[in-house]
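Engineer: Starting from the structure of chain C, add chains B and L where the hints point.
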Amino acid sequence: MSGNGTTPAEGEIRIGVYVCHCGSNIAGTVDVVEVARWAGEALKDRGVVVAREYKFMCSSPGQELITDDIRDLGLNRIVVAACSPHLHESTFRGATARAGLNPYLCELVSIREQDSWVHSDRSAATTKAKAILAGGVERVRRNVPLDPIDVDINPATLVVGGGIAGIQAALEIADAGFHVYMVEREPSIGGHMAQFDKTFPTLDCAACILTPRMVTAGTHPNITLMTWSEVTRVEGYVGNFTVTVRKKARYVDADLCTGCGVCEEKCPKKVIDETYEAGLGYRKAIYTPFAQAVPRVPVIDRENCTYFEKGTCKACEKFCEKAAIRFDQQDEELTLQVGNIIMATGYDIFDAREIAQYGYGRLPNVFTSIEFERLSNSAGPTNGRIVLRDGVTEPKTVGVIHCVGSRDRNFQNYCSAICCMQSLKFAHLVKERTGATVYNFYIDMRTAAKGYDEFYQRVLEEGTLFVRGKPAEVTEAGRLPGEDGKMVIQVEDTLAGRQRRIPVDMVVLSVGLKPRSDAREVATRFGISSSSEGWAIEKHPKLDPVATMTEGVFIAGCVSGPKDIPTSVAQGAAAAARVLSRIQNKSIRLEPIKAEIHAEHCSGCRICNGLCPFNAISFDSVLAVSSVNAAMCQGCGTCVAACPAGAISGSGFSDEQVMAQIEGLLRIGMNGTAPDRRRFPVASGETTGDRTAEEVRA
Amino acid sequence: MNAAPVSPVPTEVDLQTVFEPTVIGFTCNWCSYRAADLAGTARTKYPPNVRLIRLMCSGRLDPAFVLKAFAEGADAVMITGCHPGECHYIEQNLKALRRFRLLRRTLEALGIEPQRVQLVWASAAEGVHIAAEIARVTDEVRALGPLDWPADAAADTGINLDSAWEATGGQEAELAPAEAEQAPEADR
Amino acid sequence: MSRYMYYPGCSTERSGRAYRESLSAVCDRLGVNLVEIEDWNCCGATEYVGVSLSPAYALIARNLALAEAARENGEPVVASCSACYLNLAKANQYMRESPQLNAHVNTALAAGGLHYDPGTVEVRHLLEVVMHDVGLDAVREHVVKPLQGLRVAPYLGCMLPRPDPDHRWKNHERPDDLDRLLASLGAEVVDYPLKTECCGGHMTQIAPKVGLELIKRLIDEAERQQADMMVTVCPMCQINIDAYQGELNARFHTKHRMPIVFFTQLMGVAFGFDAKAMGFGRELTDARAALRKVGTAPEPAPVPAGGHRPRPDKRALPMPRPLDDGNGSASGATSEVVR
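Protein chains in written order, with this note's numbering: chain C, 1 to 698; chain B, 1 to 188; chain L, 1 to 339.
Looking at chain C on its own, in the form it has when it is part of the complex:
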């Protein structure tokens, strides 16, 4: 027998069948009375002791029918034919458990979503309901009692990514008194928000609201901050992850450094800062990305450092009063033990150079939104002056193009969610600081959150001109009076119903958000799944947006898709709440849908080892057999299907259960009678459902 251990009832299998009307939802198309009658008669020899129909099985009286029958008739299997198991499986399993029967001996089969709602012919739908029910009856015969698995939770948590979502999550957990390791790839935490000047719609200064949080995170006794570091390996499972972190060499002794900044001042090597300044400004080869960086410890950019290049210079070392420069520092590998992981790894921006007709990278005065953020930031390369690429001239006319790379089947189909508001913010800032004429080119205006549409109204009143239409191109080839020396935005104004050519001095491309370039690789490392674009997939998009399919790994912020700051913060806090409830419970109960390898049948071929994406299968080289770690196993069953020796069983979805369900489903054909069974190699002339696995495989 493969299932879990042995068949519970050595004796007679006694099945109760319950067919739900669901008001008229099922009964309107399926003759439920007939289905119940048929089950009571035709499936009697399959162990059906009682078959009832009832108006609403999920109601209290409906559930009482089940619990009473279990007690009064000694039922040991339950089949409910009603709605989708995703809706009410837990309801009926709960009822079963209340009557003292193992909940996994109850099956819910769907005759609503898969039958009454999708078919209109009453006779065909009734026949199909019988088949579905027979499938459930055959399957439940092979069900075995299962027990949930309890796993201890290590109270320490890993937060990956130090943007606003990660900071929020870390602070919530740390404030609750539990330890947090925060790993950040860049030299400082802060993320994209640290690059912004103002935040919509309130126009708060981003640094003013972010910096205090960064400082708190940096000094919190419960937070171990690891910047300039990356997670390289994740092993283990919920409650007991072992995480390897590579701490890249800073070439600066963080304990000695006071963050005075002399090294940066004295460093002779100036390079374009592609990360924090988005390529618009400069930094030195030894640098902290920005003044409020946390930690305030610089790093040496080895690729550009004159000492690493030529072996001489050491200006930073000469001037460092604390002698904190360490040219011989090496990368370090650290191992952390954590119970839960929150991934808040954020996003990249769409590369506007891909849309050649907008001229970014070719026409100097076409800027991306992130460049504009730096341009308008008083701590940015122009001290907040909004000027053209020459660094001097203020624009007289500015065009802001929405949806660059978003809502575009050539690039990304999705809406990047933040660009409308960001573009409105740009329009406001340009008007406020330069008085220039501003055109916003939009497809649809999406200002759905609190205070957003009011901000749109405000920008309208300020006199920004809105053109509904997606610009065809930005060209330097002027041909009409007034176009000389300007860039021309060619656009179909879909409200005016005509083509327009609008000459401007500056173009701002509101570029969309994209998954991190290494998102897929990182998702694989943490064992979570991602969409075809690369966004992390939530456990449920509506009802469980911060959990993933992998127990113990949570997501917050833009890692799962474009989000604004309030939503990212809310998700950070939500993920923290989920982790905190795990920590408070001290242990977690896992669904017992797992694979198990029976060592006595395992030939040690290791085919299954490479198939498991969660690394749940390990090989014992002494015993020469493989085994499954139940806490890491997610229950997909791929190894079960692959084992050539049939040594792996999948509880909840065993071969016996599936085979039996197939038999049941085909008990009656389309015309309501038994279909032709073919002599087919696998069947050997008789059905397998009632034979044990050993018999089948022998």
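None of these hints come from the bench; they were simulated from the model.
Hints are supplied without guarantee of correctness; some may be wrong.
To be verified - Selected chain B positions facing chain C (Cβ under 7 Å, derived; list incomplete): (1) Val-18; (2) Glu-20; (3) Thr-22; (4) Ala-39; (5) Arg-51; (6) Arg-60; (7) Leu-102; (8) Glu-108; (9) Ala-109.
Claimed, not checked - Using C-beta positions, here's what the derived DEER-type ranges look like: (10) C/Leu-73 - B/Gln-115: 23 to 33 Å; (11) C/Arg-433 - L/Asp-286: 49 to 59 Å; (12) L/Leu-53 - C/Ser-90: 39 to 49 Å; (13) C/Asp-484 - L/Cys-10: 53 to 63 Å.
Everything numeric in this text was worked out from a predicted model, so none of it was measured.
Glycine included, each C-beta is placed from N, C-alpha and C at the ideal position.
Structural biologist: Showing chains B and L alone in chain C's frame:
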């Protein structure tokens, strides 16, 4: 949005006279089963010929399940799973894809038309899509007619399939090509 | 030697003879074996599809059917004219998409004893074959007389990169393929913003005012960019820009004299063929004076890898990285020494 192509719904009368195929559909708990749920919620109609089985993942699909379905009288089998890149178990649907290809080749060699085993990707949001695919497969199989597996294959071929089957270790030997493909070295 | 079925199109017989002469020599040199489809017919140009769809596509598909029957080993069909290319490619696609059109076309073809299954023949344009199958490295190997000193405006016209039914072009609005090809010949390539704008097509015949206005835009911009000549891939573009400059000058009181030649003519010259043999002199707006500039400029210094970004002035902000730079250096920085 609910307008999935609908093939004519058979009436009781012609069920006795006209061939209506029975199709077994294997669904993934996370995508195609939910797509079928969504088709239901949206009342998207499709032919009643299909009967679905829920697995946790298309990767759980043992090729023997398909053979079993044919043996029990199914005229076709649909294997459904998440779109490549969207598997809830990261990449197990791709393993299903590889098994599917081998299985189809094997079945073709056994004389079973390839349209009788079809692989369909459907995300949890694609209720209309899965309904349309069910309709399409049903139509194709209806056109093919009943699975024409000989009543006694052994008599037809002169080979004793039962003893051949058992002599080779049953399931193990039948699945050997599929397993060979899944060997770790072929995996990476 | 790679073999292709060649569909010349009508214009290469007369007005576009320079194209035919030069491409034959160049393809020969590059090892591109063009086998002319026997008994090919006109593709219907831009007019016929606007008159009646089924006969128009039957006309086009006849060429594909002939090519399919004559080819040996799945060779693609290559067209040198953008209009021919687009018509052939569209026939392939539309017949595939519409069973009705497919039936109509094949009924017509059957009358001539022919049949065509849409999609069986690959349709390609000569420029794309040169770029993808031959490659710029192979082109450079054959350059014996680099075109240094010649300033050219690459002009593709509107029909080659769009609508691109077979997804052959990476960028549809501003493809840089012709730019890169001409640069590999040593020419100085101007960043010509109107490279995919329309030349007017047959508007010069039916609505001269519109046609001439479109041509004027193209020539104005090429002159503004101080190009010595325009370079094209399409006989229709070539004849429009070449032949109407007199009429255009009279109408708009301009003094344009902008030569336009086929890219294969310049490839031939760079490969060392005689300019006359490459069809120079056949054009109405003489290109030979401009051609004399070849060799007048020194070879440009190679741009260093990860090169400096132009920054005319200390106050100016850096330009973005070029696209083929990938994702930038590992340190997220670009080196620029400021001492």
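Engineer: Is the interface hint satisfied for B/Arg-51? The criterion is a beta-carbon contact with chain C at less than 7 Å.
Structural biologist: Holds: closest Cβ of chain C sits about 5 Å from B/Arg-51, inside 7 Å.
Engineer: Taking 53 to 63 Å as the stated bounds, is the beta-carbon spacing between C/Asp-484 and L/Cys-10 within them?
Structural biologist: violated, 41 Å
Engineer: Have a go at the B/Arg-60 hint: is there a Cβ in chain C nearer than 7 Å to its own Cβ?
Structural biologist: Holds: closest Cβ of chain C sits about 3 Å from B/Arg-60, inside 7 Å.
Engineer: Would you settle whether the hint for B/Thr-22 is holds or violated, based on the nearest Cβ-Cβ distance to chain C being less than 7 Å?
Structural biologist: Holds. Min distance 6 Å.
Engineer: Note whether the CB distance of L/Leu-53 and C/Ser-90 lies within 39 to 49 Å or breaks it.
Structural biologist: violated, 59 Å
Engineer: Restraint: B/Ala-109 near chain C, CB-CB cut 7 Å. Satisfied or not?
Structural biologist: Because about 13 Å separates B/Ala-109 from the closest Cβ in chain C, which is outside the 7 Å limit, the hint is violated.
Engineer: Can the hint on B/Glu-108 be confirmed by a CB-to-CB distance to chain C that is less than 7 Å?
Structural biologist: Violated: closest Cβ of chain C sits about 15 Å from B/Glu-108, beyond 7 Å.
Engineer: Against chain C, with CB atoms and a cut of 7 Å, does the hint on B/Leu-102 hold up?
Structural biologist: B/Leu-102 check fails; min Cβ-Cβ to chain C is 12 Å, beyond 7 Å.
Engineer: Against chain C, run the beta carbon of B/Ala-39 and see if the smallest gap drops under 7 Å.
Structural biologist: holds, 6 Å
Engineer: Close enough to count: is the Cβ of B/Val-18 nearer than 7 Å to one in chain C?
Structural biologist: Interface hint status for B/Val-18: violated (10 Å vs cutoff 7 Å).
Engineer: Within 23 to 33 Å: is that where the Cβ-Cβ distance between C/Leu-73 and B/Gln-115 falls?
Structural biologist: violated, 46 Å
Engineer: Is the shortest C-beta separation between B/Glu-20 and chain C less than 7 Å?
Structural biologist: holds, 4 Å
Comparing the model with each numbered hint stated earlier shows that hints 1, 7, 8, 9, 10, 12, 13 do not hold.
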